[in-house]
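J.: Residue numbers (our numbering), protein chains in the order written: chain A, 1 to 315; chain B, 316 to 630.
These are computed hints drawn from the structure, not numbers from a lab. Remember, predicted model here, so these are calculated numbers, not experimental data. Incorrect hints may appear among the rest.
[As the list claims (entries may be wrong)] Rough simulated footprint, nothing fancy, chain B against chain A, three-plus residues with beta-carbon under 8 Å: (1) 101–110; (2) 163–177; (3) 300–307.
[Stated by the list, open to error] With a Cα cut of at most 27 Å, we get these calculated DSS-like pairs of lysine-lysine: (4) A:81 <-> B:396; (5) B:442 <-> B:603; (6) A:62 <-> A:26; (7) A:62 <-> A:127; (8) A:58 <-> A:28; (9) B:377 <-> B:442; (10) A:127 <-> B:377; (11) B:377 <-> A:81; (12) A:58 <-> A:81; (13) B:396 <-> A:288; (14) B:396 <-> B:373; (15) B:341 <-> B:377; (16) A:62 <-> A:28; (17) A:127 <-> B:343; (18) B:341 <-> B:373.
Each residue gets a CB set at the ideal place from its N, CA and C atoms; glycine is no exception.
Here are the chains, one letter per residue:
Number of protein chains: 2
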Amino acid sequence: MYLCFDVGGTSVKAGIIDESGTIIIKRKIPTVTGDVQAMVSRLQEGSSTLCEEAQISKSAIKAVGVGIPGFVQEETGLITKAVNLGWENVPIADLLSVSLGHPVCVINDANAAALGEMWRGAGRGQKNLLCLTIGTGIGAGVIINERIHNGIHGLAGEIGHFRVRPEEGRLCNCGRIGCLETESSASAIAFYGEEAVKQGKAPLLAEALKRDGEVTSRSVAEAAVQGEEAALEIYNRSAYYLGFALSNIFSVLAPEKMIIGGGAAEAGNLLFTPLIESFNRFIFTDVKGEDLIVPALLGNDAGIVGLAYLAHTVA
Amino acid sequence: MYLCFDVGGTSVKAGIIDESGTIIIKRKIPTVTGDVQAMVSRLQEGSSTLCEEAQISKSAIKAVGVGIPGFVQEETGLITKAVNLGWENVPIADLLSVSLGHPVCVINDANAAALGEMWRGAGRGQKNLLCLTIGTGIGAGVIINERIHNGIHGLAGEIGHFRVRPEEGRLCNCGRIGCLETESSASAIAFYGEEAVKQGKAPLLAEALKRDGEVTSRSVAEAAVQGEEAALEIYNRSAYYLGFALSNIFSVLAPEKMIIGGGAAEAGNLLFTPLIESFNRFIFTDVKGEDLIVPALLGNDAGIVGLAYLAHTVA
Numbered sequence: 001m002y003l004c005f006d007v008g009g010t011s012v013k014a015g016i017i018d019e020s021g022t023i024i025i026k027r028k029i030p031t032v033t034g035d036v037q038a039m040v041s042r043l044q045e046g047s048s049t050l051c052e053e054a055q056i057s058k059s060a061i062k063a064v065g066v067g068i069p070g071f072v073q074e075e076t077g078l079i080t081k082a083v084n085l086g087w088e089n090v091p092i093a094d095l096l097s098v099s100l101g102h103p104v105c106v107i108n109d110a111n112a113a114a115l116g117e118m119w120r121g122a123g124r125g126q127k128n129l130l131c132l133t134i135g136t137g138i139g140a141g142v143i144i145n146e147r148i149h150n151g152i153h154g155l156a157g158e159i160g161h162f163r164v165r166p167e168e169g170r171l172c173n174c175g176r177i178g179c180l181e182t183e184s185s186a187s188a189i190a191f192y193g194e195e196a197v198k199q200g201k202a203p204l205l206a207e208a209l210k211r212d213g214e215v216t217s218r219s220v221a222e223a224a225v226q227g228e229e230a231a232l233e234i235y236n237r238s239a240y241y242l243g244f245a246l247s248n249i250f251s252v253l254a255p256e257k258m259i260i261g262g263g264a265a266e267a268g269n270l271l272f273t274p275l276i277e278s279f280n281r282f283i284f285t286d287v288k289g290e291d292l293i294v295p296a297l298l299g300n301d302a303g304i305v306g307l308a309y310l311a312h313t314v315a
Numbered sequence: 316m317y318l319c320f321d322v323g324g325t326s327v328k329a330g331i332i333d334e335s336g337t338i339i340i341k342r343k344i345p346t347v348t349g350d351v352q353a354m355v356s357r358l359q360e361g362s363s364t365l366c367e368e369a370q371i372s373k374s375a376i377k378a379v380g381v382g383i384p385g386f387v388q389e390e391t392g393l394i395t396k397a398v399n400l401g402w403e404n405v406p407i408a409d410l411l412s413v414s415l416g417h418p419v420c421v422i423n424d425a426n427a428a429a430l431g432e433m434w435r436g437a438g439r440g441q442k443n444l445l446c447l448t449i450g451t452g453i454g455a456g457v458i459i460n461e462r463i464h465n466g467i468h469g470l471a472g473e474i475g476h477f478r479v480r481p482e483e484g485r486l487c488n489c490g491r492i493g494c495l496e497t498e499s500s501a502s503a504i505a506f507y508g509e510e511a512v513k514q515g516k517a518p519l520l521a522e523a524l525k526r527d528g529e530v531t532s533r534s535v536a537e538a539a540v541q542g543e544e545a546a547l548e549i550y551n552r553s554a555y556y557l558g559f560a561l562s563n564i565f566s567v568l569a570p571e572k573m574i575i576g577g578g579a580a581e582a583g584n585l586l587f588t589p590l591i592e593s594f595n596r597f598i599f600t601d602v603k604g605e606d607l608i609v610p611a612l613l614g615n616d617a618g619i620v621g622l623a624y625l626a627h628t629v630a
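Here chain A stands alone, though its shape is the one from the complex (with noise of 0.2 Å):
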């Protein structure tokens, strides 16, 4: 058995899954941010109440695998930094080894997800993937021959960087301009669709935003569905430069399956239709979009089974 924390800014995805991948119990517990040893303390806590609430003991765990929203050593199992969680050059593998008596092994949390979605997910036997995570940001676990690639700093899979508007568009958090994220996150639906509002085109979404307060993806998915052109232009549009950004990135690293989790693929066929088809029109080869381009399957449990499979090949 492994046990597994998937760490995020809010709450912590935590669940013990045995050999054949299969989550035999999961709960969340309440992140605590900047305080370290007082995370750890929960941590061991919540070791303590799934083994009991499972009936398993102590003994039966093998190893321990902890995703965290940052950047991490691997190899030390230490995070230089994770700004969610207010943490800094934190030797965290270190410190829960002590505290929970079986070894740990560390990982980002997105390079989790990629994992899960290799061993159990919509990537199962295979071993070349790219699995894109479309929330807030866009970013990417690069998975060679079933391992994580991270590249120099880390910085392999980073695609929310990825220029697709070279000489226009918006600017981006990294202080440039034209990246995927500003067209293609569900912040950047969201941030369009509030434009289209302003713009008094989408009396739909107009409603919405008086009912919600704010414009979000699920907001312009939802007035897309029920026919707002203005919504529905809004998820062609992201995903015509998705598609193009995938296609390019074909041509570099032709994994055998592209797969798309996060917010924004809740839309469904909203974008994985246009999607596909952006792909198509620019890919040079025979390769069909609707053969590489899936949805991830395991939602937010991807996290804790990739941790299971890291601490299961390191175990």
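Chain A is fixed; fit chain B onto it per the hints.
T.: Just chain B, lined up with the frame of chain A:
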């Protein structure tokens, strides 16, 4: 010692290379196209001649490496297609191992050159590299963890078809428009040189055309060095698109080095200065083009050196 044949459409670079990557002897052998058996015999003769001239006994050869310009099944040593050789489904590894009496490993020629640059060239000591060859077309060897990453159908590294002008640009051999190859290859530079002559913008190039009967990337480089504005612009433009593509490829792979070889790289700073400038303009992070983008060091020897590396890891 390793016996290496880097097979091209007109000649074979043949060499004997020792364990440290030093070339003991090298020769050129004319290629026989079409007739596979005649080609095998010629390589067998070549092998004997090389051993004799270098005074090396046949038993000192541990393995043979062969580079082929075409699609190679590396596990079996079968060439599924090599247009320039007129080969289809040729089990070249089997044929040569019977004929030469040594184990034979076969790889695509661009990948052989990439391994050569990693072992003894500009990528020495690195594990993750992109090795571009810019000639008539543009291809790249992708090295991850000291091994060639081929991708599905061997399509990884086909960055000649990275789309740099998604909605415009010239028609590419692949049937699409705006591919990197149509803007930054040696033949693209020659094409734009001819255009400049037609438009009466390039008197020096016009002279070169009269003298040589054609415009080449080299004559454009020579005119640029002599101060011809139109020729300089062609190189700047070619470098702009290449820098754009490389900055985006970096966001996917984050390799330790991006090594540029092939005919167009011979232009030196005429290419590299604006290339690095373009890369730095587009890249989202604080990595510097001047640290990443380097010229290939081994020239035409990269192939046989890489084949020795391969033979050495296999034997």
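J.: Check the structure against each numbered hint from earlier and tell me which ones fail, lowest number first.
T.: 1, 3, 4, 10, 11, 12, 14, 17
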